Each structure stands twice: as C-alpha cells, then as structure tokens.
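> Chains as they are written, first to last, in the working numbering: chain X, 1 to 166; chain W, 167 to 266.
Just so you know, these hints were derived from the structure itself, not from any lab. Computed from a prediction, not measured in an experiment: that's the story for all the values here. It is possible that part of the hints are untrue.
Unchecked claim - Here are the simulated lysine-lysine pairs, DSBU-like style, with alpha carbons at most 30 Å apart:
| no. | chain 1 | residue 1 | chain 2 | residue 2 |
| --- | --- | --- | --- | --- |
| 1 | W | Lys251 | X | Lys162 |
| 2 | X | Lys80 | X | Lys24 |
| 3 | W | Lys251 | X | Lys80 |
| 4 | W | Lys251 | X | Lys24 |
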Amino acid sequence: MQLLLFYLFGSLALISGVVMIMSKRAVTSALNLVVVMFCLAALFAIMEAHLIAALQILVYAGAIMVLFLFVIMLLNLREKSGLRPMRQIIEQFVGIVVLGALFIPLVVTFDLNAVPGLVARTAEFGTTRGVGALLYTEYLLPFEVASVLLLAALVGAVILGKTRLR
Amino acid sequence: MITINHYLALSAALFVIGTVGVLTRRNVIVVMMSIELIFNSANLAFIAFSYFLGDMVGHVFVFMVMAVAAAEVAVGLAIALAIFKNRETVDIDQISVMKG
Numbered sequence: 001m002q003l004l005l006f007y008l009f010g011s012l013a014l015i016s017g018v019v020m021i022m023s024k025r026a027v028t029s030a031l032n033l034v035v036v037m038f039c040l041a042a043l044f045a046i047m048e049a050h051l052i053a054a055l056q057i058l059v060y061a062g063a064i065m066v067l068f069l070f071v072i073m074l075l076n077l078r079e080k081s082g083l084r085p086m087r088q089i090i091e092q093f094v095g096i097v098v099l100g101a102l103f104i105p106l107v108v109t110f111d112l113n114a115v116p117g118l119v120a121r122t123a124e125f126g127t128t129r130g131v132g133a134l135l136y137t138e139y140l141l142p143f144e145v146a147s148v149l150l151l152a153a154l155v156g157a158v159i160l161g162k163t164r165l166r
Numbered sequence: 167m168i169t170i171n172h173y174l175a176l177s178a179a180l181f182v183i184g185t186v187g188v189l190t191r192r193n194v195i196v197v198m199m200s201i202e203l204i205f206n207s208a209n210l211a212f213i214a215f216s217y218f219l220g221d222m223v224g225h226v227f228v229f230m231v232m233a234v235a236a237a238e239v240a241v242g243l244a245i246a247l248a249i250f251k252n253r254e255t256v257d258i259d260q261i262s263v264m265k266g
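The shape of chain W in the complex, shown without the other chains:
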C-alpha cells in the first residue's frame, strides 16, 4: 500500500541528488540539468499531494512549473551559448568573473 511518504521520500532523494549536482559539477550545462532535476522532484511532490488530498490544484501548479522551467531553460542555454562564444569554455570556475 503506497502512502504519500513513499513519494515524498523519492522527491526528497531526487532533490538532494539535484542539489549535489548543482554544487559539485563544473560544466554549466550539467548544472542546469541538475536544476531541472530539482524542478522535477518538486513536481513529483506536487502531484503526490494532489493525489492523496484529492485536490487538483497541484496539477495546475505543475503546469506553471513546467512553463517556467521551459522559459528558464531557453534563456539559460542562450546565455550559456553566448558565453561559450566569448570565452571558449563552459567551466564555471573560469567564467566566474564578469569582467573582460
């Protein structure tokens, strides 16, 4: 019998994995993918609560999260490509200063 705690534990685990990915990876594209993993863990928590509470507001929220994530990925990847054209690297340790 699945309880909501199963889904919340999975959501927390994915969140933690995404956070560690953001903190430890140096490739800016992989950092953005870890942020997407965090979004997905939040979506899982929303849908789980919506299912077990019977309220469909969670679905509407997931809709909004998906729209925001799509917008953020589009602009973020455009910025990453522009930086790569300029600096020839996607290593966030080397593009950490805005000067030059």
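For reference, chain X alone in the conformation it holds in the complex:
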C-alpha cells in the first residue's frame, strides 16, 4: 500500500515538475509547483513526518507559492499559453536525462546498512512534541538565528518594495 502511494505521489510530483519547467506561462509553472508541494507533503505524511507535512502545506504551498502568484499577477506579463518551442523542450529533456544519468545511479546504489547509527523510531517520531524537544534544547541556537534571519528578510523586503516618494 505504501509502495503504491509512493509511486502515485512520486510520479505526480515528477510530471508536475517537468511541466513546471516546460510551460510558457509563469502562472502554469506556479500552479504545477503547488501540486509538487502537495505531493511532497503526502510523501512526508507517509514517512510519519506529520509536523513537517503540515508545515509544508502551510508554509510552502500556503505562503511562499501564494507570494509567487501575487508577484506574477503584479508583473502582469502578456504571455501566450502552451508549451515552449520544441527545440527548447528537447534541450530540457536532454539536460534532464544527462544530469539524471550522472546523479541517479549514485543514489540508487546507496546501501543504508553500511551507515552506522540506525535506531528504531520512537513513538514521538515526527510529532510536534518530538521536533520541539529537539528544537528547544539541542538546536536552540539555529532556532534563534532563524528568527533573526526572518527579521532581516522582513526589513529588507519592506525597504526593497517601497516606492520612492518624491
């Protein structure tokens, strides 16, 4: 059952990713990326990463992609629908095949049993409590630094977005 769900969501994510890089309009690309985000959230849920699956939908699909769509709307480009010219699509396919041939055999022959440190999953694996227990004790510094980073990004985005008042 899990294998079936993996193939379903995985192939949907791959197809949407390929359509995302091959379509002419930016809106089509953005919506296909939202589909990829949802498929990845489903895969995270299959892997018992419940908090991260919920955050993937809330943060990535619900905030970041909405921001992308707002910006695409504000740019208001006049684009025709459809796929890009056939020559560019073939170039992209060739690029995917060549890079994939370099990369994928490396990960497919990876042997997990050769890695030390395999422990059994606890009952709190992937829950908010489990992530929080790590985040607020051992990884407190990255947590605080991330909040400073978000503050800096907020200030930067506001300044960059201001129209000059003459």
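Got chain X; can you put chain W on it based on the hints?
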C-alpha cells in the same frame, strides 16, 4: 517494501529537474521557482534519512530550510519587482548587466 533508495531516487530526479529549470528558463520568477523545487528535493532527502535512521535531526533541518527558503523568496521577489519597475522586463538575458 519501500527502501530509502526509492526516496533518494525521487529526490535526485526532482533536484535534476530543478537544476535544468534554473539553467534553461529565462523568466526570473520561474528560475526562483526552480530553486524552490531544489529546496524541496533536499527536504525530501532529509526526511527520508530521518525516517530510515530513526533520528529526528532531519526534521529540525527541514524546519531551518523552510525558514531560509521563506526569507530568500521574500527578498528575491522584492528584488525582482524592483528590477521590473526599473527595466520593464523579467528576462534574465536582458538584465544581466548591472550598469544603467
């Protein structure tokens, strides 16, 4: 029976698709979306390792990656909008020179 190699292969495939998108697309917004796809493939690899090794550090890392991606998208899109206000184009071939 799913092994970690399934998830790693999917992560590698998404990474490759994102990389080809960064290299071949000319619209700066689509380039940034391809970068987001690369981030997501890395997140999938983190969660897969975390699941199969039983260590929840991967989840914490994904948390950090999401925070960094949100910050990067906010600032990057603000820059893209500022450039569009100035140059009237989002074609990266035409905004490749900082002069003017």
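> All hints are to be evaluated individually against the structure, with a verdict given for each.
To see whether the hints hold, each was checked on the structure:
Distance check on the hinted pair: Lys251/W and Lys162/X sit about 11 Å apart at the alpha-carbon level, within 30 Å; holds. As the CA atoms of Lys80/X and Lys24/X are separated by approximately 7 Å, the hinted pair is consistent with the 30 Å bound. Distance hint between Lys251/W and Lys80/X is fulfilled; the C-alpha atoms sit about 22 Å from each other, no more than 30 Å. Proximity of Lys251/W to Lys24/X is assessed by CA-CA distance (about 22 Å); at most 30 Å being required, the pair is judged to hold.
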